[in-house]
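Counting with numbering that gives the first Met the number 0, you get residues 0 to 66 for the letters of the sequence shown.
Among the hints, erroneous ones may be present.
Restraint-style ranges between C-beta atoms, simulated for each label pair [said to hold, decoys possible]: (1) Pro55 <-> Arg12: 16 to 24 Å; (2) Asp26 <-> Ser61: 31 to 39 Å; (3) Ser20 <-> Leu46: 35 to 43 Å; (4) Asn44 <-> Thr19: 16 to 24 Å; (5) Ser42 <-> Phe22: 30 to 38 Å; (6) Pro65 <-> Gly45: 16 to 24 Å; (7) His2 <-> Gly62: 28 to 36 Å; (8) Gly62 <-> Ile7: 37 to 45 Å; (9) Pro63 <-> Arg37: 29 to 37 Å.
Read the hints as simulated data drawn from the structure, not as lab findings. Source: prediction; values computed, not measured. Idealized CB from N, CA, C, for every residue including glycine.
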Amino acid sequence: MLHLAIDIGGRVREVRVGSTSGFALLDQAAAEAARVWRFVPASVNGLAVDAQADVPVVFRLSGPHPL
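Just need the whole structure built from these sequences, with the hints factored in.
Structure follows, in structure tokens:
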């Protein structure tokens, strides 16, 4: 689970790992990916506002990728 702080432009400004996957490398990969995500900004009375969101991240590991 990642805790995200999202600004009025929909950009992720802060990422915290809320609950770990149990593997530091997976947690780090999820956090790095989240830093480039973009969201539709939250709004109050039609005006964009900063917001926070909890986002679950699911990893799917697979074997070698065919060429």
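For each hint, the structure was consulted:
One distance hint, 16 to 24 Å for the beta-carbon pair Pro55 and Arg12, holds here, with the actual separation near 20 Å. Taking 31 to 39 Å as the suggested C-beta distance range, the pair Asp26 and Ser61 does not conform, at roughly 20 Å. Distance hint check for Ser20 and Leu46: the Cβ-Cβ separation is about 36 Å, which falls inside the suggested range of 35 to 43 Å. The hint said 16 to 24 Å for the Cβ distance between Asn44 and Thr19, and at roughly 37 Å that hint is violated.
Hint check: Ser42 to Phe22, Cβ distance near 36 Å, so the stated range 30 to 38 Å holds. As the Cβ distance of Pro65 to Gly45 is approximately 49 Å, the hint placing it in 16 to 24 Å is violated. Taking 28 to 36 Å as the suggested C-beta distance range, the pair His2 and Gly62 conforms, at roughly 32 Å. Roughly 43 Å separates the CB atoms of Gly62 and Ile7, a value that falls within the hinted 37 to 45 Å.
In this structure the hint that Pro63 and Arg37 lie 29 to 37 Å apart at CB holds, the actual value being about 32 Å.
Hint violations for this structure: numbers 2, 4, 6, all remaining hints satisfied.
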